Amino acid sequence: DGGITQSPKYLFRKEGQNVTLSCEQNLNHDAMYWYRQDPGQGLRLIYYSQIVNDFQKGDIAEGYSVSREKKESFPLTVTSAQKNPTAFYLCASSIRQPNQPQHFGDGTRLSIL
Amino acid sequence: GQSLEQPSEVTAVEGAIVQINCTYQTSGFYGLSWYQQHDGGAPTFLSYNALDGLEETGRFSSFLSRSDSYGYLLLQELQMKDSASYFCAAPSGQGGKLIFGQGTELSVKP
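Chains A and B supply the protein sequences, listed in that same order. Counting along the first sequence from 1, when you hit position 40 you're at 40 in my numbering, and nothing is skipped either side. Counting along the second sequence from 1, when you hit position 27 you're at 140 in my numbering, and nothing is skipped either side.
It cannot be assumed that every hint is accurate.
Label-pair restraints from in silico Cβ distances [to be verified]:
#, chain 1, residue 1, chain 2, residue 2, range
1, B, Asp165, A, Val52, 33 to 39 Å
2, A, Thr79, B, Asp152, 24 to 30 Å
3, B, Glu122, A, Gly3, 37 to 43 Å
4, A, Lys14, B, Pro223, 42 to 48 Å
5, A, Ser22, B, Asp181, 38 to 44 Å
Mimicking DSS-like on lysine-lysine, the simulated pairs with C-alpha atoms at most 27 Å apart in a straight line are [stated by the list, open to error]:
#, chain 1, residue 1, chain 2, residue 2
6, A, Lys57, B, Lys210
7, A, Lys70, B, Lys194
8, A, Lys71, A, Lys57
9, B, Lys222, A, Lys9
10, B, Lys222, B, Lys194
11, A, Lys14, A, Lys71
12, A, Lys9, B, Lys194
13, B, Lys210, A, Lys83
If you are wondering where the hints come from, they were derived from the structure by calculation, not from laboratory data. Small disclaimer: the values here were computed from a predicted structure and weren't measured. The C-beta atom is built at its ideal place from N, Cα and C for all residues, glycine as well.
The shape of chain A in the complex, shown without the other chains (with noise of 0.2 Å):
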């Protein structure tokens, strides 16, 4: 079955260390989707992919990096410079046109050491 895999479900970073949440697609989607959200909050942009080797900034890009090397995978790195990162974080496809509907993963949930 086609889907979007994302690893691994927990995540604990220490202080000062770089951490990279895995997405992995098999649908075969061009766009590729990384957001954030917050207890209680909806889901906010952090980078977005529409085609392999390019990615732009979302509303909420400082303190993470990405990239896109393979049409399957867009994996995200948090690093140091992202202060308050205790989020879960959920990658997303989707066919590269505004009406087609995202598919997200199971999402990460990453805290603080």
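Using the hints, position chain B against chain A.
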């Protein structure tokens, strides 16, 4: 800027009908989508309205009025499993990027 407003929470009883409203301010409007998210889970797509009117999918219906910049999600014959957060979302730009509302937490009581 672009924004979508929806109530933070709604409570209803099992078997009832509930309506979740969404008002939006976006540039270059392409339509309104609805997503459901159970606590701690992945959002899942429910419906999309590109044109004015009502779209029905089983117990769920979604309505759009572009002249009023307004839409709603209608849930009928509520079940306990419908307790979840519901997000409206609108496309932003020509690609697949979306702007999400803050979400409405629906609690279904026995």
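Would you mind confirming whether the straight-line C-alpha gap from Lys70(A) to Lys194(B) stays at or under 27 Å?
-> Violated - the C-alpha atoms of Lys194(B) and Lys70(A) are around 38 Å apart, more than 27 Å.
Given the hinted pair Lys57(A) and Lys210(B), is their alpha-carbon gap at most 27 Å?
-> OK: Lys57(A) and Lys210(B) at ~11 Å, within 27 Å.
Is it true that the C-beta distance of Thr79(A) to Asp152(B) lies inside 24 to 30 Å, as the hint says?
-> holds (29 Å)
Quickly compare the C-alpha distance for Lys222(B) and Lys194(B) to 27 Å and report which way the hint goes.
-> Holds - the C-alpha atoms of Lys194(B) and Lys222(B) are around 10 Å apart, at most 27 Å.
Hint check for Gly3(A) and Glu122(B) - Cβ pair distance inside 37 to 43 Å | violated (30 Å)
Would the pair Lys210(B) and Lys83(A) pass a check requiring their Cα atoms to be no farther apart than 27 Å?
-> Holds - the C-alpha atoms of Lys83(A) and Lys210(B) are around 26 Å apart, at most 27 Å.
Going straight from one Cα to the other, do Lys222(B) and Lys9(A) come out at no more than 27 Å?
-> violated (30 Å)
Going straight from one Cα to the other, do Lys71(A) and Lys57(A) come out at no more than 27 Å?
-> Roughly 18 Å separates the two Cα atoms, so the pair holds.
Taking the beta carbons of Ser22(A) and Asp181(B), is their distance inside 38 to 44 Å?
-> holds (42 Å)
Is 33 to 39 Å right for how far apart the beta carbons of Asp165(B) and Val52(A) are?
-> With Cβ atoms ~37 Å apart, the hint holds.
Satisfaction of hint between Lys71(A) and Lys14(A), Cα-Cα up to 27 Å | violated (31 Å)
Range hint 42 to 48 Å (beta carbons of Lys14(A) and Pro223(B)) holds or violated | Holds: the Cβ-Cβ distance is about 45 Å, inside 42 to 48 Å.
Checked against the numbered hints given earlier, the structure breaks hints 3, 7, 9 and 11 and satisfies all the rest.
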